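Student: Order-wise, the sequence lines are chains W and U. If you want the working numbering, it's the 1-based position in the first sequence plus 314. If you want the working numbering, it's the 1-based position in the second sequence plus 314.
Rather than coming from a laboratory, the hints here were simulated on the basis of the structure. Keep in mind it's a predicted model, so treat the numbers as computed, not measured. Hints should not be assumed to be uniformly reliable.
Said to hold, decoys possible - Some, not all, of what chain U presents toward chain W, calculated at C-beta under 8 Å:
1. Q404
2. D407
3. N615
4. V629
5. K637
Think of the CB as a built atom: it goes at the ideal place given N, C-alpha and C, for glycine as much as any other residue.
Listed below, chain by chain, are the residues.
Protein chains: 2
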Amino acid sequence: MERIRACVAEHEERFLAELMDFLRIPSVSAVPAHARDVRHAALWLVDRFRETGAQDCRLIDTAGHPLVFAEYRVSPDLPTILCYGHYDVQPPDPLGLWHCGPFEPVRREGRIVARGASDDKGQAYLQMKAVDVLRRTHGLPCNVKFIVEGEEEVGSTALSTFLPANRELLKADVVLVSDTAMLPGNVPAITVGLRGIVALEVEVEGPSRDLHSGIYGGAVANPATMLCRMLSSLHTNDGAIAVPGYYDEVVPLSQEERAMLAQAPFDAERFMREIGVAACIGESAFTPLERTTIRPSLDINGMISGYTGPGSKTVLPSKASAKLTARLVPNQDASVAAERIARFLREHVPSGGRATVSVGHGAEPVVVSMDHPGYRAASQAMAEVWGRSPVPIRGGGSIPVVALFHSVLRVPPLLMGFGQDADAIHSPNESFGVENYLKGIETVASFMRHYVQLISQG
Amino acid sequence: MERIRACVAEHEERFLAELMDFLRIPSVSAVPAHARDVRHAALWLVDRFRETGAQDCRLIDTAGHPLVFAEYRVSPDLPTILCYGHYDVQPPDPLGLWHCGPFEPVRREGRIVARGASDDKGQAYLQMKAVDVLRRTHGLPCNVKFIVEGEEEVGSTALSTFLPANRELLKADVVLVSDTAMLPGNVPAITVGLRGIVALEVEVEGPSRDLHSGIYGGAVANPATMLCRMLSSLHTNDGAIAVPGYYDEVVPLSQEERAMLAQAPFDAERFMREIGVAACIGESAFTPLERTTIRPSLDINGMISGYTGPGSKTVLPSKASAKLTARLVPNQDASVAAERIARFLREHVPSGGRATVSVGHGAEPVVVSMDHPGYRAASQAMAEVWGRSPVPIRGGGSIPVVALFHSVLRVPPLLMGFGQDADAIHSPNESFGVENYLKGIETVASFMRHYVQLISQG
Numbered sequence: 315m316e317r318i319r320a321c322v323a324e325h326e327e328r329f330l331a332e333l334m335d336f337l338r339i340p341s342v343s344a345v346p347a348h349a350r351d352v353r354h355a356a357l358w359l360v361d362r363f364r365e366t367g368a369q370d371c372r373l374i375d376t377a378g379h380p381l382v383f384a385e386y387r388v389s390p391d392l393p394t395i396l397c398y399g400h401y402d403v404q405p406p407d408p409l410g411l412w413h414c415g416p417f418e419p420v421r422r423e424g425r426i427v428a429r430g431a432s433d434d435k436g437q438a439y440l441q442m443k444a445v446d447v448l449r450r451t452h453g454l455p456c457n458v459k460f461i462v463e464g465e466e467e468v469g470s471t472a473l474s475t476f477l478p479a480n481r482e483l484l485k486a487d488v489v490l491v492s493d494t495a496m497l498p499g500n501v502p503a504i505t506v507g508l509r510g511i512v513a514l515e516v517e518v519e520g521p522s523r524d525l526h527s528g529i530y531g532g533a534v535a536n537p538a539t540m541l542c543r544m545l546s547s548l549h550t551n552d553g554a555i556a557v558p559g560y561y562d563e564v565v566p567l568s569q570e571e572r573a574m575l576a577q578a579p580f581d582a583e584r585f586m587r588e589i590g591v592a593a594c595i596g597e598s599a600f601t602p603l604e605r606t607t608i609r610p611s612l613d614i615n616g617m618i619s620g621y622t623g624p625g626s627k628t629v630l631p632s633k634a635s636a637k638l639t640a641r642l643v644p645n646q647d648a649s650v651a652a653e654r655i656a657r658f659l660r661e662h663v664p665s666g667g668r669a670t671v672s673v674g675h676g677a678e679p680v681v682v683s684m685d686h687p688g689y690r691a692a693s694q695a696m697a698e699v700w701g702r703s704p705v706p707i708r709g710g711g712s713i714p715v716v717a718l719f720h721s722v723l724r725v726p727p728l729l730m731g732f733g734q735d736a737d738a739i740h741s742p743n744e745s746f747g748v749e750n751y752l753k754g755i756e757t758v759a760s761f762m763r764h765y766v767q768l769i770s771q772g
Numbered sequence: 315m316e317r318i319r320a321c322v323a324e325h326e327e328r329f330l331a332e333l334m335d336f337l338r339i340p341s342v343s344a345v346p347a348h349a350r351d352v353r354h355a356a357l358w359l360v361d362r363f364r365e366t367g368a369q370d371c372r373l374i375d376t377a378g379h380p381l382v383f384a385e386y387r388v389s390p391d392l393p394t395i396l397c398y399g400h401y402d403v404q405p406p407d408p409l410g411l412w413h414c415g416p417f418e419p420v421r422r423e424g425r426i427v428a429r430g431a432s433d434d435k436g437q438a439y440l441q442m443k444a445v446d447v448l449r450r451t452h453g454l455p456c457n458v459k460f461i462v463e464g465e466e467e468v469g470s471t472a473l474s475t476f477l478p479a480n481r482e483l484l485k486a487d488v489v490l491v492s493d494t495a496m497l498p499g500n501v502p503a504i505t506v507g508l509r510g511i512v513a514l515e516v517e518v519e520g521p522s523r524d525l526h527s528g529i530y531g532g533a534v535a536n537p538a539t540m541l542c543r544m545l546s547s548l549h550t551n552d553g554a555i556a557v558p559g560y561y562d563e564v565v566p567l568s569q570e571e572r573a574m575l576a577q578a579p580f581d582a583e584r585f586m587r588e589i590g591v592a593a594c595i596g597e598s599a600f601t602p603l604e605r606t607t608i609r610p611s612l613d614i615n616g617m618i619s620g621y622t623g624p625g626s627k628t629v630l631p632s633k634a635s636a637k638l639t640a641r642l643v644p645n646q647d648a649s650v651a652a653e654r655i656a657r658f659l660r661e662h663v664p665s666g667g668r669a670t671v672s673v674g675h676g677a678e679p680v681v682v683s684m685d686h687p688g689y690r691a692a693s694q695a696m697a698e699v700w701g702r703s704p705v706p707i708r709g710g711g712s713i714p715v716v717a718l719f720h721s722v723l724r725v726p727p728l729l730m731g732f733g734q735d736a737d738a739i740h741s742p743n744e745s746f747g748v749e750n751y752l753k754g755i756e757t758v759a760s761f762m763r764h765y766v767q768l769i770s771q772g
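Generate coordinates for the entire structure from the input sequences, incorporating the hints supplied.
Tutor: Here it is as structure tokens:
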């Protein structure tokens with residue numbers, strides 16, 4: 315461990331400079347105008363893998379954004395760890411709230427500020443630097459593969475198609491995913507469950523063109539009003555989901571399971587203060603932490619209708635639309651949940667209105683076993699680097715491919731991430747702690763050594 | 315009349331070319347970036363007045379966009395007609411739906427297509443060309459003043475301040491407003507009432523930044539959902555306004571009055587077909603035409619929250635906002651109505667939400683007398699040019715200053731307009747019939763002669 319730590323310290327500035335270079339590439343997967351930037355990020359990664367001696371290392375073209383695959387072969391007799399990350403990032407809007415350019419990374423108060431710093435370029439790159447460090451110190455203790463995708467923020471379509479067709483290429487004993495967070499105060503944590511997700515879009519059509527609100531107002535149904543009525547029907551007054559049958563498949567957790575997860579320190583006052591709200595909402599039978607992890611949710615991500623520029627424009631808009639995502643928990647099924655919501659919305663179109671509800675990308679919820687050697691090795695590595703054993707936690711977010719690694723590749727996923735809530739991922743001024751980045755490198759390197767040890771003992 | 319008609323025919327191409335020049339100036343009053351264009355339009359008008367021999371002719375600077383005043387003095391013994399129009403236009407969005415550039419006017423199928431063609435540049439300019447024609451034929455029969463404003467589409471603030479301070483300058487016997495429409499099939503009509511208006515904006519604040527909908531979804535109130543709930547509460551299921559007391563001051567019309575207004579041909583099937591809706595909504599006790607003219611309405615003009623770009627962004631938005639306008643009828647008071655709506659919205663903020671409701675520009679509703687010589691002269695002129703007497707109609711739109719001409723200047727307004735419903739004002743591909751423009755010139759010229767005749771007959 316001392317050699318790993320010393321090596322990270324020695325190369326610290328280079329490791330940080332490389333990450334900054336990576337962050338300068340605006341690889342926003344959702345925006346077609348950024349397609350070339352997304353590809354640029356993939357090519358940049360290929361170069362970095364090549365520099366660190368990957369035997370096989372390639373950009374894989376897909377119908378969408380490319381995949382990057384790399385392999386460090388040590389011996390067919392040793393286990394293989396597959397590392398997963400994504401090099402695409404969320405759109406940076408609203409731009410006006412950034413204190414720096416979202417793709418002009420700066421170091422400030424021990425943090426690197428840029429879109430993707432934590433989600434997930436910083437975390438994907440620290441996995442790569444762990445290999446770099448091991449090669450410079452103990453040597454790689456096992457075979458390591460990497461699969462880095464460019465569509466995580468838009469549903470992982472290409473990788474979802476690639477996985478079942480490339481089981482042999484991606485064959486591994488465990489898949490290490492670094493795209494989650496630790497607990498406040500950098501208390502180490504391993505995510506043992508993720509919510510699934512499904513995205514929907516609703517468009518309400520009214521008149522065939524924007525109308526003068528004076529000439530037509532009072533006799534013509536306003537699509538913005540219709541959309542508001544439809545969206546209002548989705549939740550009860552306390553914030554629970556009002557879609558019939560929506561909770562039917564949700565597995566209730568035992569009191570023991572709830573108690574174990576409640577070990578994770580959660581300060582509701584701080585939670586609210588950090589996001590500037592005066593109260594939490596949601597299902598009263600569950601704690602705020604439970605509402606965001608072991609219970610499903612349904613949120614409007616955006617909506618637009620009519621004139622939204624400066625001043626006033628007295629139109630009765632022609633249409634109104636909204637984007638929604640539902641977060642799912644075991645044993646909800648993404649397509650069943652989406653169909654329930656879509657049907658409910660269609661049933662709630664006010665009379666005279668026409669609405670289209672379309673279902674977008676989805677991912678199933680995941681629960682991870684704590685009995686696997688991968689979990690135990692990760693636990694040892696975290697204890698070594700961060701000074702205490704990790705707390706098992708359930709995450710509220712979704713990593714679409716994690717469920718696929720499990721169900722398609724039959725490789726158990728291990729969710730060891732190094733982010734913090736304060737990273738503000740998906741928000742303006744996203745950042746990543748320099749300590750988290752550097753200690754993350756140490757932790758992944760240590761994990762690889764512990765994993766091989768446990769397997770060879772087992 | 316023959317000389318007027320011949321003169322219009324002779325100068326037709328020039329009159330059209332001048333209007334096209336006027337339409338090329340993107341004088342969008344709502345958008346600060348167009349402030350210089352708005353001023354450019356005012357200066358352009360000053361030049362046109364000067365060319366046609368106005369004795370007094372000036373651009374009047376204000377706190378907002380400038381006013382243009384012009385005066386043609388004939389004799390202090392003769393009556394004075396004040397002509398009113400506006401040279402500002404609505405924003406052209408959504409740009410993608412225009413078949414030509416909104417400020418690159420084209421002539422197509424007997425119509426001039428451009429933003430402002432009908433509302434109100436075409437109509438303001440035909441008043442000016444009527445003076446041009448009279449000066450070339452019979453000579454001006456009376457004194458004529460013009461006041462042309464650049465803020466009609468944003469609440470007429472500058473003119474509202476200017477009017478009470480310049481009673482002498484604007485003194486007149488009648489004010490001719492050409493900013494309304496005829497009936498389908500170019501059946502002449504004179505507007506005997508207008509709805510008032512008041513604008514409001516609502517902003518709901520949620521968390522202090524856009525949040526990751528996975529990490530926070532389920533425990534944090536979504537401002538888009540809160541806004542939807544607030545806006546949904548504004549109407550009953552049938553489309554009536556649910557704000558308590560909102561209809562209290564509305565003057566009920568007698569059966570006779572309703573019968574007179576029902577003379578205006580109104581084809582509900584055609585009304586719906588032209589705007590592409592399958593049904594009308596609104597108060598069941600009133601006809602669709604009544605709902606848009608003698609009854610108040612309340613519409614969402616625009617709303618926005620969160621991510622509305624391509625693809626998906628899984629945020630729980632930080633805020634959500636909407637623009638609204640209410641249309642008012644006698645004897646509703648704009649500030650009372652606005653306060654009722656604002657209070658109602660504030661009362662309907664879901665618990666845990668914070669909302670700001672602000673009240674913007676307003677205008678009182680207007681009813682015009684049919685006994686005034688102005689109405690009779692206009693009626694004679696319309697019969698002469700269009701082949702039948704005009705139908706008295708109530709308009710659903712608002713012309714903020716019309717109420718002020720009445721209450722502040724004590725000058726009776728006469729609403730003789732030449733637009734058509736098919737003009738699509740405030741919408742993409744706004745247009746104005748070439749026939750309406752040219753016959754509008756003839757009608758205004760004829761009106762001036764009839765008016766002086768009626769006054770001199772006593």
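Student: Does the interface hint hold: is Q404 (chain U) within less than 8 Å of chain W, judged Cβ to Cβ?
Tutor: holds (6 Å)
Student: Double-check K637 (chain U) for me: the hint is only fine if its C-beta lies closer than 8 Å to a C-beta in chain W.
Tutor: OK, holds: K637 (chain U) within 8 Å of chain W, min 6 Å.
Student: Go through the hint on D407 (chain U) and say holds or violated, using the shortest Cβ distance to chain W against 8 Å.
Tutor: holds (7 Å)
Student: May I ask you to test the interface hint for N615 (chain U) with respect to chain W, counting a Cβ-Cβ separation under 8 Å as satisfied?
Tutor: The hint holds - N615 (chain U) has a Cβ within 8 Å of chain W, the shortest such distance being about 5 Å.
Student: Hint validation: V629 (chain U) versus chain W, beta carbon distance must be below 8 Å. Holds or violated?
Tutor: holds (5 Å)
In summary, this structure violates none of the numbered hints.
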